[in-house]
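Asker: Could you slot chain B onto chain A? The hints should help.
Protein chains: 2
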Amino acid sequence: MIFIVQRKVMPLKDLLDPQGKAVMGGLQNLGLQNISDVRIGKHIDLQVEADSKEAALATADDAAKKLLANPVMEVYEITVS
Amino acid sequence: MIFIVQRKVMPLKDLLDPQGKAVMGGLQNLGLQNISDVRIGKHIDLQVEADSKEAALATADDAAKKLLANPVMEVYEITVS
Chain A
435 MIFIVQRKVM PLKDLLDPQG KAVMGGLQNL GLQNISDVRI GKHIDLQVEA
485 DSKEAALATA DDAAKKLLAN PVMEVYEITV S
Chain B
435 MIFIVQRKVM PLKDLLDPQG KAVMGGLQNL GLQNISDVRI GKHIDLQVEA
485 DSKEAALATA DDAAKKLLAN PVMEVYEITV S
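Those protein sequences? They're chains A and B, same order as listed. Everything in the first sequence is counted per this note's numbering, starting at 435 for the first residue and increasing by one. Everything in the second sequence is counted per this note's numbering, starting at 435 for the first residue and increasing by one.
Zero decoy hints are in this set.
Remember, identical chains collapse to one label, so a pair may be satisfied in a single copy or spanning two.
DSSO-like cross-link-like pairs, simulated, lysine-lysine; straight-line CA separation at most 27 angstroms:
{"id": "1", "residue 1": "K447", "residue 2": "K487"}
{"id": "2", "residue 1": "K487", "residue 2": "K499"}
{"id": "3", "residue 1": "K500", "residue 2": "K487"}
{"id": "4", "residue 1": "K455", "residue 2": "K476"}
{"id": "5", "residue 1": "K476", "residue 2": "K499"}
{"id": "6", "residue 1": "K455", "residue 2": "K487"}
Because the hints were derived from the structure by calculation, they are not lab data.
Just chain A, with the same shape it has in the complex (with noise of 0.2 angstroms):
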């Protein structure tokens, strides 16, 4: 069976997150005064082949703590459809 697997990685909140900053800046620039905080991450959607949900899961796991995220900087949340 095929599993979508959704994985969003963000920077840590206590840490800067400068292109966020910059997009939030541009917003205000345009008009939008009311975004008080911009947060910018990645989303990473991983089409997995596997017997179960939890295969599915344990395989996306896998991959984000070998390539996908940096546990260093940064958060990641794993759904699987």
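Answerer: What follows is chain B alone, placed relative to chain A:
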């Protein structure tokens, strides 16, 4: 009230996603052969001050159209929490 608006911006399905292809190659080199496709997009969290959920959603949609997504190449989804 302050709402957190989450926005997911992904490249259109019909377009090639070179970043995703590169990551897929990397994962396969690491021995994860059962991943058949990877697509990478952006995840943007906006902190919006608004009177209601609908107003927050409207602001986020406005921001998306003005700055955050390129409709020629990307699709986006918005959720408010």
